[in-house]
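Protein chains in written order, with numbering that gives the first Met the number 0: chain A, 0 to 471; chain B, 0 to 323.
Derived by calculation from the structure, the hints in this document are not laboratory data. You can take every hint at face value.
Short derived list, chain B residues pointing at chain A, Cβ under 7 Å:
#1 252
#2 279
#3 280
#4 282
#5 283
Don't be surprised by glycine CBs; every beta carbon is placed ideally from N, CA and C.
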Amino acid sequence: MATDVIMPQMGESIFEGTITKWLKKPGEKVERDEPLFEISTDKVDAEIPSPAAGVLKEIKVSEGQTVPIQTVVGVIDGAGSAAASAPAPAKQEPPKQEARQREDEKPAPASAPTKSQAAKADASTAGTQPSAQPAPRPVAATGAAAPPQRPGTEKVRSSPLVRRLAKENNIDLTQVPGTGAGGRVSKKDILSAMESGAAGQQAPAPSYAPPAQRPATAPPPPSGGQAQTTLEVGVPRERMYFGNYSVEPMSVMRQKIAEHMVMSKRVSPHVYSIDEADVTGLVKLRSQKKEEFERTTGSKLTFMPFFIRAAVEGLRAFPTVNSSVDGTNIVFHRECNIGIAVALDWGLIVPVVKNAEEKNFLGLQRAINDLAERARAKRLKPEEVQEGTFSITNPGVFGGLMGLPVISQPNVAILGLGTIEKRPVVVDDAIAIRSMVYLTLSYDHRVVDGAIAHQFMGKVKHFLENWTESIL
Amino acid sequence: MAQVTMLEAIRQAIFEEMERDPSVVTIGEDIGVYGGAFKVTAGLLERFGWERVIDTPISETAIIGAAVGMSYQGLRPIAELQFIDFIACCFNQITNFVAKSHYRWGAPVPMVMRGPSGGGVHGGPFHSANPEMYFVHTPGLKVIYPSTAYDAKGLLKSAIRDNNPVLFFEHKFLYRRIKEDLPTDDYTVPIGKAIVRREGRDLTIVTYAAMMHTSLEAADELAKEGIEAEVVDLRTLLPLDKETILQSVKKTNKLLIVHEDTRTGGIAGEIAAVACEGAFEDLDGPILRVTAKDSPVPFSPPLEERFLPNKNDVLAAARELARY
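One chain only, chain A, in its complex shape (with noise of 0.2 Å):
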């Protein structure tokens, strides 16, 4: 009995994905829930498992495309029929319990050892490393598990009002773009549809295309990732291409990145404003607790759950500074949702700390490490980098002595942390040595004057230099 893979919707507004690799080859075996291939969204990169155990008979959108939610892109044969009528792959059939426990070992399989590293090297040119750790479970319960029944107009989120008006006016739902929560077909979508008569036309293209010359001398075009860019290229391609080179192409996280700091630039007036702190006293604070925050906690202590106490401080002081624009509207918001850039090897993810405001500094700080650990494991659920209102960058971890960092959309600000290191400061007409770390804030000046950020930058250093709160 063969099984379709679908690419799943990973996450409520999605409704592409990329393959970034195969695991696995056509003929190879898969058990169920076994990673089968990675993807890369909008949102996320995860690792999907197989949604059947057998073989992979037929891989339908090959590495590098990008394919709409609910897309077949593989067949699997059942594991019956695959030893029926494939005879190929030579040890079938493993017992159980084997392969549960090469499941937990590592994600590729081990039943052919030759194929599984060619995928590996494969793997190397594909720009995605695989992950460390397997990912047994789909990043969300949609789709993935559960084999698709039927294509159509039944995959397609609406409402029983809009399945009937589409009945009554036949009209092909899988054609009407919807704009409601979730990729949705809402009854404006329908509205629309039944007003314009164009049920079967595609969505409108961006309005936003890149540019569309071309050097005659063109180099290869970006093959890989086919997510839809609005990149465009700054000089012409022509003064790129000289001496010596190689071409690769972006990820498709790469590719977001650049999308986003390109937009987040031509959206908001970048403000830039820098204090300093001194945090001689956490410094001492953290060393001594260290261990015992350890032991107690089994979490180890680091410096990001002060600063992220000290920024809630801030936002509930200056709720501005904690807030979106949309249009002539600020939308302030009453949680403090705070993002925290954490740097991967193939790219930066921002999750976010929901309700920081309602955490205690242990809460905070296993958060932190809990979504650290996830995103460098592409584990991370879509929900978890979205919705926050403020995020934190922390350059220093690197050596950076300060960093103006770009506003992570929607929100309007970023705190960026130096290094901490000691420095020679005045201290009361003496010259001390004290532990200070640089604080900058870029922030969007639609909303955010420079009074109010450098106000709030005062709260921060001040609850930064006066702490008082137990940490265990």
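Got chain A sorted already, so can you dock chain B onto it with the hints?
Showing chain B alone in chain A's frame:
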């Protein structure tokens, strides 16, 4: 026309009905000399005398029992429960006897049971209840819960003139907080008819009593965001005006139900079922509820504020629906 409070409107209804029909009498605790705990019956004793304005001992079962007897004898009693919470004392009489009398013996009971209900005034768990659903679940009764002075007067008159038992809930938070110009002539408001308080195209908010005002305030704010909410005021909970509810849902395709009663077993669940049965193919989103939490009404003012649904709760739910 003069500006009158809901409390005064209720007093006028009782006064005018007693003037109009000598068989209308009132009975309850402290309603005579004292004029009622909230002064709803102030001045009645002076005008109509001891025989028609009857003070009782502190015994709700005595009040309801006497009222049933009076109604069998051709009177039309209006029984006041000093706080509607204590109607629970008469649960057996009302659900087993009053509600079934007409059905079982062909003996209609033309009585009104009325009293102050609802929270928001820091009355604590014994003086803030919304016990309407015990009775909405009892065939044979009619249950009214008005939100305006005009409706309170017109519906109470209809209730007094009705030949069957009617429960009339008066939200005490609204007693003196709302004022309206009322017509001076004799008018009634029909039992069992909801009313659209505000027209809208994007979602329907079905509500009643104090939450009607909360919902209207929320609707005004939603309008600033471009979300036009239609607000349907039920006015009568039993019989439920399904037609008006369904009409509105078919127009806006989205339904939010807001009530001050607690969540589980509240009328929101019933209304959601009505919408599913009668307008499933017109729904463009989930049916959402904003209600009080499943808890006794807390004594502590901050806790009570947390317990009661408020405008922000309505806004959040409406925005959620608008996203669909």
